[in-house]
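A.B. asks: Take a look at the letters that make up each chain.
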Amino acid sequence: MSEVAARPVHSAILQFLTRRRGRTRADWTDWLTYAYLFVGLAVMFAPVLWVVLSSFKTPVNLVEFPPTFLPYAVETVEVEGFDEPLPLYEVATEEGETRLLAQIRRVGLNAQMIDPAKPEAGRVVVAVADAKPVRHIQFYWGNYAQLLSTSGSNLWLYVYNSLFITVVATLITVVMNSMAAFALAKYRFKGNTLALVAILMTLMIPPTVVLVPTYLIVAQLGLVGNLWGVILPTVATPTGVFLLRQYMLTIPDELIEAARMDHASEWRIYWRIVLPLSAPALAVVAIFSILSRWNDFLLPLVVLNRREVFTLQLALASFQDENQIHYDQLLAMTTLTALPLAFAFIFLQRYIASGIASTGIK
Amino acid sequence: MRATAALSGAIAALAALPARAVEPVMHGAQKALGIKQMPWVFLIPNLLAVLLFSLMPVFINLFYSVTGSDRLYPVDRPYIGGANYETLFDCGNYLDPSTCSRDLFWRALGNTLVFVPVQVAAMIGIALFTAICLNRDIRGRGFFRSIFFFPVMLSPVVVALTWQWILQRNGALNGLLTSIGLNRVNWLVFPDSAFFWSVFVTVWAHMGFFTIILLAGLQSIPRDVYEAAKMDAASPWRVFTRITLPMLKPTLLVVFILCVIRSVQTFDELYVLTGGGPGSATILIVQYIYEVGFAIQPRNFGLAAAASLLLGAVLMIFTLIQLRLARGRNL
Amino acid sequence: MKLNAILSGTTLGLAMATATHAQEITILCDDVGFGCSTMAPIAERFNEENPGKTVKLETVSYQTIVEALPVQLESGEGPDGAIITDLGGLSRYYLDLTSHVDAGYFEEEFGRTLEWLRGSDRKSKAVNGMPTSLTVNGAYVNLTLFEQAGVPVPEEGATWDEWAEAARQVAEATNTEFPMEMDRSGHRFASFAISHGAELVDEEGNPVADEGLKTAIEKFVGWHKDGTMPLDLWGAVGGSTHRELFEDFLNANVVFYFGGSWTLSRMDTEVGDLFEWAVVDTPCGPGSCTAMPGGGALVGFKHTEQPEVVGAYIDYVSQPENYKEIIAASVEIPAAGTLIEEGVDYPGASERTKTALSTFTNQIPKMAPAAYRFQGWRYQRAMMNALTTRISQVINDELTVDAALDRIKQDVELAIEAAEGN
Chain A
1 MSEVAARPVH SAILQFLTRR RGRTRADWTD WLTYAYLFVG LAVMFAPVLW VVLSSFKTPV
61 NLVEFPPTFL PYAVETVEVE GFDEPLPLYE VATEEGETRL LAQIRRVGLN AQMIDPAKPE
121 AGRVVVAVAD AKPVRHIQFY WGNYAQLLST SGSNLWLYVY NSLFITVVAT LITVVMNSMA
181 AFALAKYRFK GNTLALVAIL MTLMIPPTVV LVPTYLIVAQ LGLVGNLWGV ILPTVATPTG
241 VFLLRQYMLT IPDELIEAAR MDHASEWRIY WRIVLPLSAP ALAVVAIFSI LSRWNDFLLP
301 LVVLNRREVF TLQLALASFQ DENQIHYDQL LAMTTLTALP LAFAFIFLQR YIASGIASTG
361 IK
Chain B
1 MRATAALSGA IAALAALPAR AVEPVMHGAQ KALGIKQMPW VFLIPNLLAV LLFSLMPVFI
61 NLFYSVTGSD RLYPVDRPYI GGANYETLFD CGNYLDPSTC SRDLFWRALG NTLVFVPVQV
121 AAMIGIALFT AICLNRDIRG RGFFRSIFFF PVMLSPVVVA LTWQWILQRN GALNGLLTSI
181 GLNRVNWLVF PDSAFFWSVF VTVWAHMGFF TIILLAGLQS IPRDVYEAAK MDAASPWRVF
241 TRITLPMLKP TLLVVFILCV IRSVQTFDEL YVLTGGGPGS ATILIVQYIY EVGFAIQPRN
301 FGLAAAASLL LGAVLMIFTL IQLRLARGRN L
Chain C
1 MKLNAILSGT TLGLAMATAT HAQEITILCD DVGFGCSTMA PIAERFNEEN PGKTVKLETV
61 SYQTIVEALP VQLESGEGPD GAIITDLGGL SRYYLDLTSH VDAGYFEEEF GRTLEWLRGS
121 DRKSKAVNGM PTSLTVNGAY VNLTLFEQAG VPVPEEGATW DEWAEAARQV AEATNTEFPM
181 EMDRSGHRFA SFAISHGAEL VDEEGNPVAD EGLKTAIEKF VGWHKDGTMP LDLWGAVGGS
241 THRELFEDFL NANVVFYFGG SWTLSRMDTE VGDLFEWAVV DTPCGPGSCT AMPGGGALVG
301 FKHTEQPEVV GAYIDYVSQP ENYKEIIAAS VEIPAAGTLI EEGVDYPGAS ERTKTALSTF
361 TNQIPKMAPA AYRFQGWRYQ RAMMNALTTR ISQVINDELT VDAALDRIKQ DVELAIEAAE
421 GN
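Protein chains in written order, with the working numbering: chain A, 1 to 362; chain B, 1 to 331; chain C, 1 to 422.
The set of hints was computed from the structure by calculation and includes no laboratory data.
Check the hints yourself; a few may be wrong.
[Stated by the list, open to error] Facing chain A, from chain B, some residues (calculated, C-beta under 8 Å): (1) L88; (2) I147; (3) V286.
Predicted, not measured: the structure shown is a model, and the values here were computed from it.
The beta-carbon is built from N, C-alpha and C at its ideal position, and this holds for glycine as well.
The task is simple: from the sequences and hints, build the whole structure.
C.D. replies: Here it is, written out as structure tokens:
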């Protein structure tokens, strides 16, 4: 029976995999491609999936070895004479059969058990090695509940702050960088090279290395504890200017000349002609900026000193203290912070990908 | 095409608000200054921000590096000359980092110089291969594209904690190994395997971004070029080396530059994953500077600044080489 | 000099005026033990009893307090007060509470910790804050494994070597993965080092790398080489990173775990009756049987515009009944002398946990003077960091023990030199 059922499924998968546009038969390179992509799927996605699933585990389930992939809960049973429900175990007896027993308490390698069907038979001592807990898959929401109760209504505040920083910084970055890129790509003027070099020089400065001086400047501007204090230092991304300039070089100068003939102002040329044509490169810069701002950690850590201005990433860090990491809540928080981006990406990925695709960044 | 239009429409709509406010200012500027000065008007906001938040910190660092004490404000710091640089160069034997007083600085610099080429090569190689796979006429292309891009969206701390959790003695990888009857391996305890995983995890986390850019580059190669090659019955390898690679070169250059920058700046992931260990096998230069100048009390801004300027000198040389390489490419 | 002027000159006017509410103060604290959540009821009561004065508690991450707060204080920003753990390192920012609190009472109850808060200033009589709770390093032992192995549990006064030997026997007999583990923390290692006769810091506040430290490092590294301790903590991690693996103890993968009193709250919920455990008297070395004290302090900062409110609030928290309430709620060891002697009733804790708490408390009188001196030293963190970094290097054969000793001393001297600006 089962073989018969399996065959059509098998051939369907085969058909699915080998069906190709243009050609009818798949050659070995297609198989290689699929093999690679499926290995890639496992390597790229399994860790993420595992984090998400682990966020639904109980603290005890979380630290066990070997770790389980799915969240499990131990089956329990009500036994007469005990106030609390007892966990159920499958115990292999010496005669080679398995019995279902409820565990009363465990002491080291031995456990006291009782038969839930016949509690009057009394307690039995069982070696732990012979007992296997009876478990079923269960999603435990406690980590999320605890997270919500500790951060409370603040959680929305963090989301708001993160969103505000991300959106505002990205908008400013896109406009400011593209203006600079426009000037550097489409004008010949004295100091052109100097300005380009000045911006490109900063390309290599790791932000971590200038953390303290940057903080000093933010403090002098009076922006400590202010969302603008983490927005302004990050908007002049040299990477953005560099990418946009490279792209704008490919826009034909004739277009601009023609517009000047029509008495368009320089701003109009930039805003109405160059910017729309650079949309794909702008998309790349925007994604770059969104991802880095959303995930920013060190600068917000020093600059944002009050809870009202905390970002999600800072809240995430609260689950590590001097002596321990609270994995349960950390996992829940991780899932929660990554979710918005994941959804945004799932909805936008066609646009993003085709946007970048048509840039062919040159 | 419609997708692009939709996206640019969305961006334009969002950016329209500040733009409307700016427009009259820009028109006024053009009237007052003339067209000749307009590039500067376009440049000024970005230049100001660069000056204030990128170049100024470097100058403050320069000042920090020749002054002492753990005070933050330059006025509070006494001048100490080149003492910090002397400390960094205080070595018994310049060929052996363990004889240096600041052996960790030299180890970190050395590790970085090994890490960057290895990681960049692995990153670009894997990203290119993935992009080529995704560029084929396969089913579920969008799905696979999303999968490979997904880790890019995770924050570095999350990436590191996830992998730390996978790689630790009682982690998922060892759980997998024991379930198929193999022995556990303590992945992060041995210098070589820790180094391997450092490269692996950083490639895992950032590869998607470069894959997508490379995919875009591949898709911009006109189809008819390939059709012509097919007519000539050229071998796939020949097609790849004679058509794909040359036509992809501009994209590869951008990817290479971005990748090197990112690689040199690698910090958060490894700081959480290995802390630079075992011993100092995976400590990179940015971590060293962060620890000296920020994480360890009392903070030694001066020494960190001196180290960062030395790093800057090394990077400057690399940038110059890059610019020279790029000159042929209309940069 | 000029730089500063230029910087202030460039202020773009974006600065939003920080709204200073009349008589409102902000206190930063984290959420562990004696922290924001256990202090909240007291703060509320204070606000009710003192109309017009408001105390706002800000819960932040530990990293914020350790890494961000000092930079903020240095730039004159930051909260009015905080619960901090780097007692000596931040001393120049503290508000002297002498005129706001009963200094005699403070001196009597918290005398020793008050000294730590004064940093390197030996002549000072300032009351720089109120010590919150006391933490004590200590050893957790899996009694069930001992019982199953039939190995007697070493008595009070047993040495580190005897414990290591016993733990090895137990691990072998019960097939437990590892005999011993210790948090990767310079603070934990300091207990071990001082009990082996290490001084770490002399009376003048200079770092000491002596024979005692050498013996300790050699023994410790040896334990990592022979498998007494796993490489996961001290072997695998580098730099100044703190790392713990207490879940190994919770999962009965290790016989003896050297951690501290702060993990007690996890024992009831995560171990339950999985196995019998106990906190044992700190093992002895040739020098002493010392553990390291630790803990935080509630302090006010000089730059506050409301020193009276800060003082009044700290005074309020320090009142015996309020203080006792917080300690009981956070299941921690009090820092106040009288309470240590009297004992505190912890309503929420199990019998086992209460016994463990009293074992921890019993270690306090046994602490070596060197341990106290080290805890109050302004450059303690520099030393602890040097210890973790260099010992990990020795375990990985990057340095010899002698080179590590030189390097440790050098690291701290450099830190002192840099901090004092010579």
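A.B. asks: Now tell me if each hint is right for this structure.
C.D. replies: How the hints compare with the structure:
Because the beta carbon of B/L88 sits about 15 Å from the nearest beta carbon in chain A, more than 8 Å, this interface hint is broken. Among the interface hints, the one on B/I147 holds; its C-beta lies about 5 Å from the nearest C-beta in chain A, closer than the 8 Å criterion. Proximity of B/V286 to chain A holds as hinted, the smallest CB-CB distance being about 5 Å (cut-off 8 Å).
Checked against the numbered hints listed earlier, the structure breaks hint 1 alone; every other hint is satisfied.
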